[in-house]
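Using the hints, position chains B and C against chain A.
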Amino acid sequence: MPLGAHLRFLFSGLLLALALAVAAPAGAQQVNPTANSVREQQFLEVLKGNPSAELRGRVSIPDTRAATLERPAGRDWRSFHQGTMTRIGAVAVLGMLVILVAFYLFRGRIRIAAGPSGQTITRFNAFERFMHWLTAGCFIILALSGLNVTFGKALLLPLIGPQAFTNLSVAAKWSHNFLAWPFMLGVALMFLVWIKDNIPNLGDLRWLAAGGGLIGKGHAPPARRFNGGQKVIFWAVVLGGAALSVSGVYLLYPSFSGGVLDMQFWNMVHGIVAVLMIAVMLAHIYIGSIGMEGAFDAMGSGEVDLNWAKEHHALWVAEEVEKGRAPGARLQPAE
Amino acid sequence: MARMKFLCDADRCIECNACVTACKNENDVPWGINRRRVVTINDGKPGERSVSMACMHCTDAPCAAVCPVDCFYTTADAVVLHNKDLCIGCGYCFYACPFGAPQYPKLSNFGSRGKMDKCTYCAGGPEVDLSPAEFQKYGSNRLAEGKLPLCAEMCSTKALLAGDGEIIAQIYKERVVKRGYGSGAWGWQTAYRETIAI
Amino acid sequence: MLIKRKSADVQRGRLQSALGGLAAGVMDRRSFLRRSGLVAGGVAAAGALQIGAVRKAEAASPGPATGTKIVKNICTHCSVGCTVKAEVANGVWVGQEPAWESPINRGTHCAKGASVRELVHGDRRIKYPMKLVDGKWQRLSWDQAVGEIGDKMMEIRAKSGADSVYLLGSAKFSNEGSYLFRKFAAFWGTNNVDHQARICHSTTVAGVANTWGYGAMTNSYNDIRNSKTVLFMGSNAAEAHPVSMQHILAGKETQRANVIVFDPRFTRTAAHATDYVRFRSGTDIAVIWGLMWHIFQNGWEDKAFIASRVHGMDDVRKEVEKYDPKTVEDITGVPGEQMKRAAQTFATVKPATFVWCMGVTQHSVGTANVRAICNLLLATGNVGARGTGANIFRGHCNVQGATDFGLDVSNLPCYYGLVEGAWRHWARVWNVDYDYFVSRFDEVPAKGGRPARTRKQNMELSGLTSTRWFDATNLPAEQVDQQDNLKAMFVMGHGGNSIPRMTDLAKGLEKLDLLVVCDPHPTNFVSLGGRKNGTYVLPICTQFETSGSRTCSNRSLQWGEKIVEPIFESASDYAVIYKLSQKLGFAEAMFKPYEMVQGKIGPEPTAESILKEINRGGWSTGYTGQSPERLKLHMANQDKFDLVTLRGAKGSPVENDFYGLPWPCWGTPEFKHPGSHILYNTSLEARDGGGTFRPRFGLTRERTLPDGSKVNDTLLAEGGSFSLNSEIKDGYPEFTMGVLKKLGWDKDLTPAELEVITGIGGNNIDAVSWSIDLSGGIQRVALEHGCVPYGNGKARANAWNLPDPVPTHREPIYSPRVDLVAKWPARPDERTLRIPNLHTSMQKAAVEKGIAKAFPIVLTSGRLVEYEGGGEETRSNKWLAELQQDMFVEINPADASERGIRDGAFVWVSGPENGAKARVKALVTDRVGKGAAFMPFHFGGFFQGVDQRGNYPPGTDPIVLGESVNTVTTYGYDPVTGMHEGKATLCQIAAA
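Protein chains in written order, with this note's numbering: chain A, 671 to 1005; chain B, 575 to 772; chain C, 4 to 995.
By construction, these hints were calculated from the structure, which means they are not laboratory data. Fair warning: there could be bad hints in the mix.
Here are some chain C residues pointing at chain B (derived, C-beta under 10 Å) [stated by the list, open to error]: (1) Val95; (2) Ala241; (3) Ser247; (4) Met248; (5) Leu252; (6) Thr257; (7) Phe269; (8) His275; (9) Trp827; (10) Pro831; (11) Arg834; (12) Thr835; (13) Ile838; (14) Trp882.
List time: in silico BS3-like cross-link candidates among lysine-lysine, alpha-carbon distance up to 27 Å [what the hints assert, rightly or not]: (15) C/Lys155 <-> C/Lys130; (16) C/Lys155 <-> B/Lys711; (17) B/Lys711 <-> A/Lys823; (18) B/Lys747 <-> C/Lys231; (19) A/Lys718 <-> B/Lys689; (20) C/Lys231 <-> B/Lys752; (21) C/Lys675 <-> B/Lys658; (22) B/Lys711 <-> C/Lys881; (23) A/Lys823 <-> B/Lys752; (24) C/Lys881 <-> B/Lys689; (25) A/Lys823 <-> B/Lys747; (26) C/Lys353 <-> B/Lys752; (27) C/Lys88 <-> B/Lys711; (28) C/Lys675 <-> C/Lys744.
Owing to the predicted nature of the structure, the values given are computational and were not obtained by experimental measurement. Cβ coordinates follow ideal geometry from the N, Cα and C atoms, glycine included.
Just chain A, with the same shape it has in the complex (with noise of 0.2 Å):
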């Protein structure tokens, strides 16, 4: 099923039993309510060209989820879950580990082109790197607690047994539910942070059109505090990062979130994204660490090579030279 009819599920919290219902006379006075009785036929009917509406009527308890008498969307849900979101979520993952590790044996690691200058810049500042790893390592922790939900039963479930996979699934779950605070936390900084930095320009397309000199020999066009290839990754986590706590703030809470069909809407969100920024994320990874030589330096000590700097930012080493708080600046006078 297309996702856009699962999107609809959004929009339509249909009463079907008022769309259906039989045409009353007004005085309600001639009427036979054993020959005119609503049958289930009718709804399922209505409802077969409508996967978004409900059969709903009512019910004297509080509980308004209690009076959806069927769903038959609970069906869709599920084919969702166990076929369209395990297939995107196996796709999006294994298929970005393959490319990596096809484009590691394809152009191995990239070296810093001038070798080591043995001279640091600061990338980033202690700050900055906290804010990184919080939202990082959050983010690491939330993503195969996550994935343990759709993947860890064909998994991790036959080798460590039932009771200790739903142990481990337990802690999982809670450790999702409390990390997500913090990792959204550091979303929200690293979008305050670095937003000026990120704010895409001409020279980001240039730099996309080139590959990012990842590809091929050449050099990428300079580029300033973060290329082109950063601000992909910095826009995917945002909105990414956007995406999945807004929907993850309402499966937390589903008493705010309405219906069944909107929390089945919103988990779709949050897993399909989920598994996407997976993905992304992947590929983040390789590059700052084993893809590319001195990168890691970057969120490691803050510090990196002064000709990583120039190969990969030259723009933005050269603002920093001008501000004095690059060593080109400082150094050149001890010689």
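Chains B and C alone, transformed into the frame defined by chain A:
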């Protein structure tokens, strides 16, 4: 083996809620958990019908399919049960269930819904049959005593039928033939991918 | 806490062996069905197939595990009389099982019945006696409490007279409890003793008894399976009597019967009808006469039946002529075509039965409403045969029994009335001197222009009704026709929120010197009003914690066995009445006939010994054959009775008996009368449960012919109408010793019987009748000659002793149709039942004040399936309370949108008197038509927007509280019985 099902004859159901309180009585179900409920469609309008609904113990149950920890199992009588020790309260079965059967002790609380609870067809759970532990977690186990679910046994107008699918379908069919009308075996197409043709 | 069965046999094997055959191919489905008892009776029984049948196959296997015993009692909620099967382990009620064997409920229950186990675990029960001291509840011992109450009662008696203490009893009593409480009132010396029947079916009893003899349901729930047309009016059986719907819907299916529902509200019952007719509340007579108009117009009436068994139908015919379809549509809102269809169906698709409840009875013309319906049944010949009848669904579990035993302001037990003969009869049964009772009553001085009354006159005057007790407190003493105003209420098992004008009632409560509330749960008598002192609360156990018989709506008696000991410090009605009698000094005389046992709070009589005394005295109503032994035998052999005929199977210990020996069950228990399943049924022999209409109003009546000459019409049956094999092939009067002598049948009396009769009659032995002959000889002889002891008379279409002998439409006191009031006014003001009844003044004032403009919505009330009566008991039951957590008003979407009211939002419902208002939730629904509103009557604990939870003794407040509908309901009382007009008043609704 029998294939246990529920069938609510909406042309008999008068929304008396006996099934609901019988369930509470038999299983000591706490306030706020409604293993069974009665929904009235077209309330107050000619043709109004009420239907008693609980877990339908579906064929190829969606709850079991989506459960991330695989805590559901189907008994030899085709009753869909779950293991509360394994349940992590994630709510997926609630999203997947076409009948709104899964219940949680703390639906609105952050983080924990508690262990899912639902109709057991008065068949207890994975604990030893009729043990106190079984009762505490799942309620009574009438099937083990050779009895059917109390909701159906106590239904004031014998609208709610429980028992082997073929037998209750036959009872319903005979009723419809006899009286000449029937609003359908509510939920059967969704739960069992079949209906009662008359 | 695990309070359910802790162990039971694992019997999975049984089920599997029963069902397993299917897959194994050992047994095909057909043989499985047979084995399960499912095809008993073949496909023909399909409609009656019971789901439990699968289980039934195993029912023969050994019962539950050792240590658990099964005790059978009867549900304490409605009058259907469902058997409750309790599993008891170590004195704790641990489980409830379906009682498949009961022919009435066949294992089933409604929400209330399926949750009764909670009642004896209920932590909200009153746990010990308490009294209110300066607004604070203090715990007392039983001795202290009864001592103080007794002293106060004696003090009030000395100052204001015995009539100043109001004894409000209960339809929740067992038969024995009801009888004992009535006897208590006689010993105390007042006729101010009443119970819920006043507000339930008092007008039915009056109307029906005045038509054909007895004020009770003529057939049974089970018998409706035979009906081809079932007409409901003002009855929502699906919510009020859910288990009865099992029989009705099964009948509807197997007979393809018509089910026609007349109701202002599209109820859950209407949802299952084949025809639903909405009409305006309070126009019942116009509706019935509208039906009759078509019947007479088209000659659909049963002429032979009318000729032989009905007196005065021509008078009705004359009245009905006024109700042509146009007039009727104007009054009721029902189109003529629909009326015609319903009339034709009811008159021609026979047998037809008429079911009514409080929608008909709770009107200022309640008795007349009932009389109109009786006339419809008589005109169409739908009384006295299977599938027909006035099927009056009564309310509480024993409202029939409590009515029968005279918890009524105008009767001694078994409808003997209050005349001297009645008092002498019961004095003989009780073995107490008649003069003692005379001495117990007040002398009433002349006041308000009324003459004084002697003790004897006061003893024979009907008392104050429970609908107006507070008027007798609030009105000037001069207007109250007894020695003084009411000063004390002694309430056993009765809610305070079930009668209209609660704003006045609250004032009355504050004026009382003494208020005693004896109940398992504190009723809103306790929470309402600003009382600070002089209120006592006594914990009474439920009927599940004591034994006794109860009479269901169909007049069948069922014996309930004590399931568990009374919980906490609660005690049975028997024990409390004994203890109080002891304090008041007449226990010895009152209790001497009974076997006494030691209970928790002192000695108490056994229910069996009380029932045996009833058997010795209840001749007039045939309460004499139902000995405790026979009733217990029936309970043990419930499975031997036929589902439809209720007849005991051949060869069983209950062979030929009707289930529960429905009264009248003539003669002594040894006479073995089977009871009367269907009243006035001439197709059976009298001694086999047959009957005739009862001639109670003389033998002839004078009629003036058009030419001025006078003839005497006979009031005895004619035209060969008599019960099967009657030796008298004609109408005959009631049997007395004199009649026996004339027939020469007195020789059949045994010497022992003759001796008793002589002892009663003294020198006028001929006057000893079938109803006061304590030997039962006169009844026996009459029955053995195929005759009914009370005679063979005609039913009365014209009941000349009633205020409206032939009913006529009268607009409700608060009518929305001001234009109709002039033509169809209320009755003139009068004094009834000791106080003024201002029909006309109130109606006139309402018209003049323009009430209908300011309060344009017609308000009616009714039941919810989850709750019952005043509702404290059911609202304290967590399994039920969860299902209805808020008081609400049903309002039509059109009215709601005019007023900006959303579904689920709070609204103020205001009434026309005293600025009364109630804050409730809106339920916007098409159930009610435009201009009409409905509120359930089970709520209490909020009063005009104020939460009164704090007024309940700590820990006893019901889980769910809400406004009472009766805060906004209004004045209006039936002239015959004092029934209130709870079903047709006016209100306004506004968003809160």
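Hints versus structure:
| no. | hint | verdict |
| --- | --- | --- |
| 1 | Val95 | violated, 13 Å |
| 2 | Ala241 | holds, 4 Å |
| 3 | Ser247 | holds, 9 Å |
| 4 | Met248 | holds, 5 Å |
| 5 | Leu252 | holds, 5 Å |
| 6 | Thr257 | holds, 6 Å |
| 7 | Phe269 | holds, 5 Å |
| 8 | His275 | holds, 7 Å |
| 9 | Trp827 | violated, 30 Å |
| 10 | Pro831 | violated, 40 Å |
| 11 | Arg834 | violated, 43 Å |
| 12 | Thr835 | violated, 38 Å |
| 13 | Ile838 | violated, 40 Å |
| 14 | Trp882 | holds, 4 Å |
| 15 | C/Lys155 <-> C/Lys130 | holds, 23 Å |
| 16 | C/Lys155 <-> B/Lys711 | violated, 54 Å |
| 17 | B/Lys711 <-> A/Lys823 | holds, 24 Å |
| 18 | B/Lys747 <-> C/Lys231 | holds, 23 Å |
| 19 | A/Lys718 <-> B/Lys689 | violated, 33 Å |
| 20 | C/Lys231 <-> B/Lys752 | holds, 15 Å |
| 21 | C/Lys675 <-> B/Lys658 | violated, 59 Å |
| 22 | B/Lys711 <-> C/Lys881 | holds, 20 Å |
| 23 | A/Lys823 <-> B/Lys752 | violated, 49 Å |
| 24 | C/Lys881 <-> B/Lys689 | holds, 22 Å |
| 25 | A/Lys823 <-> B/Lys747 | violated, 41 Å |
| 26 | C/Lys353 <-> B/Lys752 | holds, 20 Å |
| 27 | C/Lys88 <-> B/Lys711 | holds, 25 Å |
| 28 | C/Lys675 <-> C/Lys744 | holds, 25 Å |
Figure legend: structure checked against the earlier numbered hints; hints not met, in rising order: 1, 9, 10, 11, 12, 13, 16, 19, 21, 23 and 25.
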